[in-house]
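Undergrad: Okay, here's what each chain looks like letter by letter:
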Amino acid sequence: MGPLVPDLVSNNMNFIVAFIIGIFFGAILEQAGFSTSKKLVGLFYGYDFTVLRVFFTAGLVAMIGVMALDHLGLIDVNLIYINPTFLTSAIVGGVIMGLGFVVGGFCPGTSICAASIGKIDAMIFVGGAILGVIIFGEGYPMFEGLYMANNMGSPQMFQTLGISEGLFAFLFVVLGLASFWFTSIIENKVNGIKKPAIRFTPYYLSMALIGVLLALSAFVFTDRKSELNAKIQDMNYVNSFPLDTMNVDEFALCITKILECDKYQGVDFRSEKEQAKFPLPKTVSMTENSLFEKNTFKTLNIRNKINIFIADDELTERKMAIIATELGYQNIRILRGGLNNFVSTILNFKPIENPTTKEEEYTNRFRLYASQKIPQILKDYKPLPKSNDNKPKRIVGGC
Amino acid sequence: MEKETKYMNPYLAGVLLGLLLIATVYITGRGLGASGAIKSVAVTGVEIVAPTHTENTKFYKEYSAEHPGKSPMMNWLVFEITGVIIGAFISGLISNRLDLKFEKGPRSTTKMRVAGAIIGGILWGIGSQLGRGCTSGAALSGMAVMSTGGIITMFAIFGGAYFFAYFFRKFWI
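First to last, the protein sequences are chains A and B.
Count the first sequence with the working numbering and you get residues 1 to 399, in order.
Count the second sequence with the working numbering and you get residues 1001 to 1173, in order.
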């Protein structure tokens, strides 16, 4: 599951990845014509809208692509970098950059591109940009108030607007297409071209078709999470799903440490409140949502460990175990009958009267012992304070 | 010299750039950028010229606190921009656009263009710090992850440019 950094791609490897991505980035910008200031500022004087076309298309493709990766469960969006929002400074900084655009004719990325192919004005611009950062650095006490004002955290636009993610993406696509059409009209007017603004050549039609099909597919295919959620609503399916189980006696043997149970790891699906009231040793806490997170991969894949899914009732355990199995996790067992069964069978044990077989006698002896011993063990057991150290942090990015 | 080849179709270039950005987010969990590398160069420059000054100034102290124990050049964006330079150079080579050239608008004087490039650069240097990114890092990558700040900065950049465009028309048309 993405992002591949830092697990599959190490931090040093990431620098090499950055270098390769940069090569493509530079080549695409240069091929698109971003290496000349005349073409870039054409956007603001109406004679060349290349920048808008490239930029908006790229943004839309990437926006929909990231949504699709999330939809298919291929990326954990909780880990990717979302640019923070400091409202005042975002607007003021943006307007300053806009002024810089018409004065200087470049933005930083394009100026580096243009300088690379020998544009002298671009080299001067890059020098200016370096100077600008130094001016900001030296004058930081002056800028600081503005820079830190109106911190809104890292919200996403659809959250700020209070609409759904899909609707926002759709509106943005419409805005993009409308701007392509509108600017083509302006461009033709400014340049005195009489051809219609949008020509339905097979080239554009096929590109548009691919786009529409991709966008529609997002609505046709349900995402992984909803799909699995629908599956576990079917009781027949849940009850007939083959799952390995552990019985409550073995569970009790582990807690009383009569058996060496290092190969087991409890995975507790109860609410935090219940876990605090009745903590179980050697367990990790989890929820249905966290099963879909990237860091769960590490937790449930400890070498030679078998995960025992624990909840109050077996039905919840089954549902969670089915989701985990469908997500590709192995080594999962459930506690037969759930904790309710454990409480009634072991903790509130009523001895079998007049045991006839040897087995019943053993059962009596062990369960009686366990029903006295386990409450003490659990009482003495202090769960370790939760540490957030192992939680993978959101990736730090930005300019 | 052979004639320059034509530029790529803008929509095709946009799709390719979009796919590159998806790959970047998928692999690294972050977007593309540019001004961050310029910041690294600026900070390194000041560190070399005036090391005691950087130790005592808040901006540089905060920068080194955010990047502990590492040179500002050991930065993802520095590696990315090194790639950009090479990628753009190769592209220019293939398309016959490698040429030492000074470009300016038809009515602009050389002096005007030099001053414009320096001042424009300075404005970007300051603005990209305030905006926490430039067209690539804030606007484009922000759009990919639907960041509120990124999208607002994007509209502010283009809105601002349109607002000021009239006053600087002599530079370009």
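Please keep in mind that the hints were generated in silico from the structure rather than gathered at the bench.
Treat the hints loosely; a few may be bogus.
Listed next, the in silico BS3-like pairs over lysine-lysine satisfying Cα-Cα at most 30 Å (straight line) [claimed, not checked]: (1) Lys1170/B / Lys189/A; (2) Lys294/A / Lys1070/B; (3) Lys39/A / Lys1070/B; (4) Lys38/A / Lys1104/B; (5) Lys195/A / Lys38/A; (6) Lys38/A / Lys1170/B; (7) Lys1104/B / Lys298/A; (8) Lys1101/B / Lys39/A; (9) Lys350/A / Lys373/A; (10) Lys1006/B / Lys39/A; (11) Lys277/A / Lys263/A; (12) Lys273/A / Lys189/A; (13) Lys282/A / Lys257/A; (14) Lys39/A / Lys1111/B; (15) Lys379/A / Lys1101/B; (16) Lys38/A / Lys1111/B; (17) Lys1104/B / Lys194/A; (18) Lys1070/B / Lys38/A; (19) Lys1006/B / Lys194/A.
A short list of chain A residues far from chain B (calculated; beta carbon distances all over 10 Å) [what the hints assert, rightly or not]: (20) Lys39; (21) Lys119; (22) Gln159; (23) Lys195; (24) Leu243; (25) Thr296; (26) Pro351; (27) Thr363.
Partner residues aside, some chain A positions facing chain B, computed with beta carbon under 8 Å [what the hints assert, rightly or not]: (28) Phe15; (29) Ile130; (30) Phe168; (31) Phe170.
Every value quoted in this text rests on a predicted model; they were computed, and no experiment measured them.
Ideal Cβ positions, reconstructed from N, Cα and C, are used throughout, including at glycine.
Undergrad: Holds or violated: are the alpha carbons of Lys277/A and Lys263/A at most 30 Å from each other?
TA: Holds, at about 25 Å.
Undergrad: Regarding the pair Lys1070/B and Lys38/A, is the alpha-carbon distance no greater than 30 Å?
TA: violated (39 Å)
Undergrad: Regarding the assertion that Pro351/A does not contact chain B, is the least Cβ-Cβ distance greater than 10 Å?
TA: About 58 Å separates Pro351/A from the closest Cβ of chain B, which puts it past 10 Å; holds.
Undergrad: Check the hint pairing Lys273/A with Lys189/A against an upper bound of 30 Å on the C-alpha distance.
TA: violated (68 Å)
Undergrad: For the restraint on Ile130/A, tell me whether the closest CB of chain B is nearer than 8 Å.
TA: For Ile130/A, the interface hint holds, since the closest Cβ of chain B sits about 5 Å away, which is under 8 Å.
Undergrad: Within a Cα-Cα threshold of 30 Å, do Lys1006/B and Lys194/A meet the stated pairing?
TA: holds (22 Å)
Undergrad: Under the criterion that the straight-line Cα-Cα distance not exceed 30 Å, is the pair Lys39/A, Lys1111/B satisfied?
TA: Answer holds: Lys39/A to Lys1111/B is near 20 Å, not above 30 Å.
Undergrad: Sort out whether Lys38/A lies within 30 Å of Lys195/A, counting only the CA atoms.
TA: holds (23 Å)
Undergrad: Does Gln159/A really sit off the interface, with its C-beta more than 10 Å from all C-beta atoms of chain B?
TA: violated (7 Å)
Undergrad: Against chain B, is Phe168/A within 8 Å by beta-carbon distance?
TA: holds (7 Å)
Undergrad: Would the hint linking Lys1006/B and Lys39/A be met if the CA-CA limit is 30 Å?
TA: holds (13 Å)
Undergrad: Would you check the hint for Lys38/A and Lys1111/B, treating anything up to 30 Å between C-alpha atoms as holding?
TA: holds (17 Å)
Hints 3, 7, 12, 15, 18, 20, 21, 22 and 31 from the list above are not met by this structure, while the remaining hints are.
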